[in-house]
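**Student:** So the protein sequences, as listed, match chains H, X, R and B. For the first sequence, the working numbering gives the first residue as 948, with consecutive numbering after it. For the second sequence, the working numbering gives the first residue as 2, with consecutive numbering after it. For the third sequence, the working numbering gives the first residue as 230, with consecutive numbering after it. For the fourth sequence, the working numbering gives the first residue as 34, with consecutive numbering after it.
Derived from the structure by calculation, the hints contain no laboratory data. Be aware that one or more of the hints could be misleading.
[Said to hold, decoys possible] No farther apart than 16 Å at their CA atoms in a straight line, the calculated lysine to aspartate or glutamate pairs in the EDC-like style are these: (1) R:Lys388 - B:Glu124; (2) H:Lys1104 - X:Asp40; (3) R:Lys253 - X:Asp40; (4) X:Lys88 - X:Asp13; (5) X:Lys145 - X:Glu119; (6) X:Lys130 - H:Glu982; (7) H:Lys1104 - X:Glu41; (8) X:Lys88 - X:Glu119; (9) B:Lys307 - R:Glu294; (10) X:Lys145 - B:Glu210; (11) X:Lys130 - H:Glu1110.
[Claimed, not checked] Residues of chain X placed beyond 10 Å of chain H at every Cβ, according to the derived structure: (12) Thr4; (13) Met100; (14) Ser110; (15) Gly271.
By construction, the Cβ of each residue, glycine as well, lies at the ideal position given by its N, Cα and C atoms.
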Amino acid sequence: MRLAIPLMITFVAGMIMIFQFFVPATQSIGETLQEWYMIVASFAIFLGSVNLLYVHTHRIRFKGRNWKYSPVTIIGFAAMIITGLVFGIEPGKPFDYMFTQMMVPMGATMFSLLAFFVASAAFRAFRASNWRATLLLISAFVVMLGRVPIGAMIWGKIPLISEWIMQYPNMAGQRAVMIGAAMGMVATSLRMIFGIERSYLGGAD
Amino acid sequence: MSTFIEKLGNIDRRIIFIVMALAVIIPLAVRLTLPIPIDEGPSKNMYDAVDALPPGSTVLLSFDYDPSTMPELQPMAIALAQQLMTKDIKIVSLALWPMGVSLGNEALSYVSDSLGREEYVDWVNLGYKTGGGVLIVRMGSDIKSVFPEDYSGKSVDEIPVMDEINMLGDFDMIISLSAGDPGIPAWVMMAGDRYDIPIGGGCTAVSAPQFYPYLGTGQMLGLLGGLKGAADYETMVRIGVDDPPAGTATPGMAAQSVAHLVIMLFIILGNISYLASKKRKGGAK
Amino acid sequence: MNWTVIGIWLGALLSLSLYSFLYKDNPFYKFAEHLFVGMSAGYWVIYTIMNVLIPNWWNNLVPAEGGMQPIWLIPGFLGLFMVLRVVPKLSGLSRMSLALIVGTGAGLSMTAMFQTNALAQVNGTIISLGQGGGWFNWVSNIIVVAGVVCGLVYFFFSKAHTGIVGKTANVGITILMVAFGASFGYTVMARISLLIGQTQFLLFDWLPTMGIHL
Amino acid sequence: MLFVLPLLVFAGVLFAQSGGVTSEENSGSFVQSLTAEDARNDAGGGIDLTWTVAADAALPDSMVLERSCEGEDWAPVCTLAPIDSRKTDGELENGQEYSYRIVPWTDGTAGQPSALAAAVPIKQWINSGRIGMLIILTIISLVIFYYIEQGKRGKDLYIRRIAGLTAVEDAVGRATEMGRPVLYIPGIMDMDDIQTIASMVILGRVAMKTAEYGSPLLVPTCRSVVMSVAQEIVKESYLQVGRPDAYQRESINYITDDQFGYAAGVDGIMVRQKPAAIFMLGTFYAESLILAETGRSVGAIQIAGTAMPSQIPFFIAACDYTLIGEELFAASAYLSKEPKLLGSLRGQDAAKLFFMVVIVLGVLTATLGEAWAPAAKVAEFLKTITSVE
């Protein structure tokens, strides 16, 4: 019984979103609902923050592993919140400065670690261990060659072959994945909306 | 000898990391440059589609990325802006990513200054609003209520570029420079598919393959993929232009080519070592 | 020394600290990681308040032209319920907020996914095999159609992959592997360009602050 | 509720009539044949205007669109560029008749206005461009429900082997033997993402296994809502297995909403806690390989799954097992063997079969259609019902 109201909310919200797609007259209801959803989801960030602070204060208090670094997290968190609330977030203010000078380079660095990981993953995984793996290896290799000027220098047709792989076999594979996954998503959504799947509410039947 | 080759297959990945780092640093430091050939393909399609727009059209340019993908997408923004402004096509820009606003402004004002164009008359930056796909749907019926002012707080009613623009359907083309979500899929799904507006775009090389189906179905006109797409576009935009401004994609391409070769070399080495060890094991049986 | 130079140094030192992770976990990485987590968590809180809660909720609830719109109290309460999870006795209330989030998300993505990822792709695959003309286009088009159909057979769950189904599914997984290889190869480039961006920053922005010009 | 949808189709067809008036030729004006029509498929309040311009006349500097509602005075709506040929006027009152005319302006003086065109904006009850999709979606939904019902009634439903999922038990077992934790990463998107929802259902199953085996389960999340749901689900699983005492709320925590901040944090967890098994199931973007390579370097068994086409290759390269696309959504049925979920899977298969038939039929008729017209009609029909506006 404790799940009756939440299940009803899920059903109504889901049906409104489906209806507004097909029934133009109900579009405005759908738009309002989406805005509400965004607001509710946004409030949750406070919950996450409380959890983050709890985990790190807990670690400091009980001298957990690497507890000496926890103050760094708390200070970083507090610094962003305080400067944001006190000085505002416009360009030129401390909040924006810390974002562009510290967070952005850190994000870009984490992102660029991929260049190294891609190299080591390719080195290890692309082995001609059976014919299917060999096909994977060849298609990756040809496409890589086709993306750099040197490929065309080796053989003028390589960029064309690379384009062809992207446009035909690659597109076919991507499409199969997309159509299949879309069916999985439709079925999962239906189970959610009609309350057949309810474990996310913390109550298995 | 064979044991050395076999060991090669299991080298410490940190050696790969060091070689990769050098492969990027050295070409950049010595400023190595390589020529870029232009072939038929999504980059060329994109260029031709923009080139076919009549002067006086209006294009929506959406900056859906942040500084982490700047090396790939910013040169595209600059090259696109150069092409659009040279052809007297008006640009209305906005951002689905918060950091896209200042990146967009950087690119547009840089090009605008170099070509002697004027903000508000030839282009405007409406700024950022949250919401992604939902925001696009709302713009479909009324842009001015979603963006009552541009990024600097100037009312859109006072901005000449916006005179004839009331909803998404008023644009002749939408171009999204997209680093992820929200980005090209949102524009294709919520604007292209719903309001039948031509969509073009640029994206990081990583997401390009997933947009190929959109090219196949005609849901997108053209696509610039990664630094290669940016360098292609830079090259195409510069053809026939006297004294072109310096691009950033073309020099990076040289470093990229070297790094690519290094990775391919590693793959070849890995396979030689793998085959060698397989042969030996097979022989021992 | 000015704020720009300090900014470059902050960015450079933090970047190098994170790169040190490639060698192994170390105090520099731990410091940068903890700082990054803390700062970004703080950033998103402020960002959410300034870009969602104030414009989309507060300004609707209490419009500038005066008066109050009580209807906007509903999302406010549901949001509050979400936060009330920290009080164990009241945590049950958050189910209602969750229900709204999940329901809206499910309904919205169901139609969007069905339209864009299923129907549009099926529509795009319905082509004449002779499209484009010439034997080469015939072969290419057959590969696309057969690839999609066999790929879908691979995703069949209620049939054992034996016999004819198994053979078709095998063709399907082969096409998928070619696609994944191509996708990987295509991506390598992008990943390197990110590293190039960061390297350019370190070489051409940071080194010059120490008087080193390459 | 769902059965109402087909009825709506009929209602919509009846309602979707739009009234529009075409202007008479006014040969003296620059703008010719102005037409006004209720904007299609909107919630009302919109009128579509289209016109042509005199081919031989000189271009005016600009044109002004003017509107009059039920005989009121003409009021300007907006300025049009001389090259425009269509415009949608919005925010109108439904049911009122609006008249329009276009006045060309040259050198600051108004030219002769075009003839009038009028229309009444109407609210539409069905989007006529989406009827095909509505029908297909309704049929597919009904089929899925039918099989779910079959499953519930105890019909024996087969499910093929999925390698990545048979390995779940081994992975958890290995973690227990080694005395190391299990790390579960639910992707970086929020609870409105269906893949995250699917991932949460799988988390419930994995948590039952870790509860049985008694190995610690770590779930760092990138979203606060996901953290809450994960806590609920894991707690419930531990309860069901009869080990509520082993549930540790602290091990399911929020890191940060930031994509790479999250990646940095999780990488830290991997190298310091050295999990023996890592699950990466959900929506992943660029962080996929950062996580998977680090996980591999600490020697964990890795089981990944996502429907993001661009990230699947990285998981395949760096993980021991990868659930590709739809396999992620099949996982909960596979792990639980619950009849209704197996039924739902059977329904998905039927839907795929339907699409395969449509594709094959469409391709055959389109190919034949180049020589034989009736076949082309069939292909045309299939293209139409699968296209969505």
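**Student:** Verify this label for me: threonine 4 of chain X is non-interface relative to chain H, using a Cβ-Cβ cutoff of 10 Å.
**Tutor:** holds, 18 Å
**Student:** Assess, step by step, whether the Cα of lysine 388 of chain R is no farther than 16 Å from the Cα of glutamate 124 of chain B, and give holds or violated.
**Tutor:** violated, 54 Å
**Student:** Need the status of pair lysine 1104 of chain H, aspartate 40 of chain X: alpha-carbon distance at most 16 Å?
**Tutor:** Holds, at about 11 Å.
**Student:** When you look at the beta carbon of serine 110 of chain X, is every beta carbon of chain H farther off than 10 Å?
**Tutor:** holds, 14 Å
**Student:** Quickly compare the C-alpha distance for lysine 1104 of chain H and glutamate 41 of chain X to 16 Å and report which way the hint goes.
**Tutor:** Holds - the C-alpha atoms of glutamate 41 of chain X and lysine 1104 of chain H are around 12 Å apart, at most 16 Å.
**Student:** Holds or violated: lysine 307 of chain B with glutamate 294 of chain R, Cα cutoff 16 Å?
**Tutor:** violated, 57 Å
**Student:** Holds or violated: lysine 253 of chain R and aspartate 40 of chain X, Cα atoms, limit 16 Å.
**Tutor:** The given pair, whose Cα atoms are some 43 Å apart, is violated under the 16 Å limit.
**Student:** Does the claim that glycine 271 of chain X lies outside the interface with chain H hold up, using a Cβ gap greater than 10 Å?
**Tutor:** violated, 5 Å
**Student:** Just to be careful, I want the Cα atoms of lysine 130 of chain X and glutamate 1110 of chain H compared with a cutoff of 16 Å; is the pair within it?
**Tutor:** Judged against 16 Å, a Cα distance of about 36 Å means the pair is violated.
**Student:** Regarding the pair lysine 145 of chain X and glutamate 119 of chain X, is the alpha-carbon distance no greater than 16 Å?
**Tutor:** Cα-Cα ~21 Å, so violated.
**Student:** Against the 16 Å threshold, does the CA-CA distance of lysine 88 of chain X and aspartate 13 of chain X hold or violate the hint?
**Tutor:** Distance of about 53 Å is beyond 16 Å: violated.
**Student:** Hint check: lysine 145 of chain X vs glutamate 210 of chain B, CA-CA at most 16 Å. Holds or violated?
**Tutor:** The given pair, whose Cα atoms are some 62 Å apart, is violated under the 16 Å limit.
Comparing the model with each earlier hint shows violations of hints 1, 3, 4, 5, 9, 10, 11, 13 and 15; every other hint is respected.
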